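Colleague: Letter by letter, the chains look like this.
There are 2 protein chains.
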Amino acid sequence: MTTSIMKRLLLISNSTMHGGGYLEHCQDNIKAFLSTTARKAFNSFGYDLDGIHEKENPVDAVRNAEAIFIGGGNTFRLLKTLYDENIVNEIYKQVTQDGVPYMGSSAGSNVATISINTTNDMPIVYPPSFKGIGLVPFNINAHYTEPDANSKHMGETRAQRINQYHEYEDAPPVLGLREGCILHVEGNKATLEGKTNAKLFVRLGKEPVEYEPGSDISFLLNV
Amino acid sequence: MTTSIMKRLLLISNSTMHGGGYLEHCQDNIKAFLSTTARKAFNSFGYDLDGIHEKENPVDAVRNAEAIFIGGGNTFRLLKTLYDENIVNEIYKQVTQDGVPYMGSSAGSNVATISINTTNDMPIVYPPSFKGIGLVPFNINAHYTEPDANSKHMGETRAQRINQYHEYEDAPPVLGLREGCILHVEGNKATLEGKTNAKLFVRLGKEPVEYEPGSDISFLLNV
Numbered sequence: 259m260t261t262s263i264m265k266r267l268l269l270i271s272n273s274t275m276h277g278g279g280y281l282e283h284c285q286d287n288i289k290a291f292l293s294t295t296a297r298k299a300f301n302s303f304g305y306d307l308d309g310i311h312e313k314e315n316p317v318d319a320v321r322n323a324e325a326i327f328i329g330g331g332n333t334f335r336l337l338k339t340l341y342d343e344n345i346v347n348e349i350y351k352q353v354t355q356d357g358v359p360y361m362g363s364s365a366g367s368n369v370a371t372i373s374i375n376t377t378n379d380m381p382i383v384y385p386p387s388f389k390g391i392g393l394v395p396f397n398i399n400a401h402y403t404e405p406d407a408n409s410k411h412m413g414e415t416r417a418q419r420i421n422q423y424h425e426y427e428d429a430p431p432v433l434g435l436r437e438g439c440i441l442h443v444e445g446n447k448a449t450l451e452g453k454t455n456a457k458l459f460v461r462l463g464k465e466p467v468e469y470e471p472g473s474d475i476s477f478l479l480n481v
Numbered sequence: 259m260t261t262s263i264m265k266r267l268l269l270i271s272n273s274t275m276h277g278g279g280y281l282e283h284c285q286d287n288i289k290a291f292l293s294t295t296a297r298k299a300f301n302s303f304g305y306d307l308d309g310i311h312e313k314e315n316p317v318d319a320v321r322n323a324e325a326i327f328i329g330g331g332n333t334f335r336l337l338k339t340l341y342d343e344n345i346v347n348e349i350y351k352q353v354t355q356d357g358v359p360y361m362g363s364s365a366g367s368n369v370a371t372i373s374i375n376t377t378n379d380m381p382i383v384y385p386p387s388f389k390g391i392g393l394v395p396f397n398i399n400a401h402y403t404e405p406d407a408n409s410k411h412m413g414e415t416r417a418q419r420i421n422q423y424h425e426y427e428d429a430p431p432v433l434g435l436r437e438g439c440i441l442h443v444e445g446n447k448a449t450l451e452g453k454t455n456a457k458l459f460v461r462l463g464k465e466p467v468e469y470e471p472g473s474d475i476s477f478l479l480n481v
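If you're matching them up, the sequences are chains A and B in order.
With positions in the first sequence counted from 1, the corresponding number in my numbering is that position plus 258.
With positions in the second sequence counted from 1, the corresponding number in my numbering is that position plus 258.
FYI, nobody ran anything at the bench for these hints, they're computed from the structure.
Here the structure is a predicted model, which means the values were calculated and not measured.
It is possible that part of the hints are untrue.
Unchecked claim - Where chain A lies over chain B, by a calculated footprint (3+ residues, C-beta under 8 Å):
1) 371-379
2) 383-389
3) 437-443
We treat Cβ as the ideally placed atom computed from N, Cα and C, and that holds for glycine.
For reference, chain A alone in the conformation it holds in the complex (with noise of 0.2 Å):
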């Protein structure tokens, strides 16, 4: 994968936080990230959106857009309908070629990366392929959780899951965003944003390491 110097990223965790209302966490981030694009308002943040399901030809949609946003959603539903249109290779060219700005929150962060290997979505529909847009060389796994210690409960925690993920020797690092955390990407610098910090596991054997808002990662860029 080659590294666009171009390219524009927005990679949110989650849509929503507890108290707060939709992309309200983040709409600072998302207005400084889309200032420079966009011309109408877009709801309340002075933006203009129009939804894609809405258009007779998505393609010519994504070729269109000025700005590019997925919000959250089921991964696997998400993904099929990207692959059903036709649109994940036009988002990727679009982003890597045109510079298109692209947003993304949740599963619309998961479906920007190399695969969505690491979601947490239940998998109620099958796509053709677990392969992503691959804006980003790296899995991410968004409302990165660590677990309850009271819990009696025992399904394996989202390290162990990672874990097991890279079990296999050609799985990519995983970055875990936690609530509240934005991987922001310039060409090939690599910023995280937001008021959480991100985990980032780089293969099985290897202790995961903590990134504060405001670390430069852009090293994941080129792995």
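Put chain B on the given structure of chain A with help from the hints.
Modeller: For chain B alone, coordinates are given in the frame of chain A:
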């Protein structure tokens, strides 16, 4: 799907209960379930267990099994392995035609159903299909749990995820097996065993129903 008179299943929500050992919470159910077929000692319960991964020919191993047990693990990896080893149909045949008892816990319960669409696991590998062995004509959600009222985590609740699945009109009912819950099938009779309730999600818009241990839920075999 035709329901076999001979079919015998023991589908357990979870392998381990808080504070207990592996399969300890259901050892009485297992002993009762296997007592008529097993000859030797399988671990501490008094039965002998051969690992299919140690067999040169997994298909033959299934054909020669006196009983089949599939434990926990990652559901995607497990189902992919069953397909890779060509034993999905073989297990189906053995259980439905020859009356070989099938016992599953957690992922092993999921793959026994019509599909793995309602697993909680992370999709770390891409199986050739989400279709399960099809021993029951509905889905199971193992480790079923209600949301923690004190949590600030914004991820979907288990019930919300199951409702997403039921947005597809052809999606079958989903039986949520809480930890400690066991589904026991003898031919056309399905009974809940164990210590906890199961919660049945029939379809979107229909209130889910709680079933206590001891409940006869045989109607689910004919959906």
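Colleague: Hints first: check each against the structure and report whether it holds.
Modeller: Taking the hints in turn, this is what the structure says about them:
1. 371-379: holds (count 6)
2. 383-389: holds (count 4)
3. 437-443: Since 1 is below three, the answer is violated.
Checked against the numbered hints given earlier, this structure breaks only hint 3.
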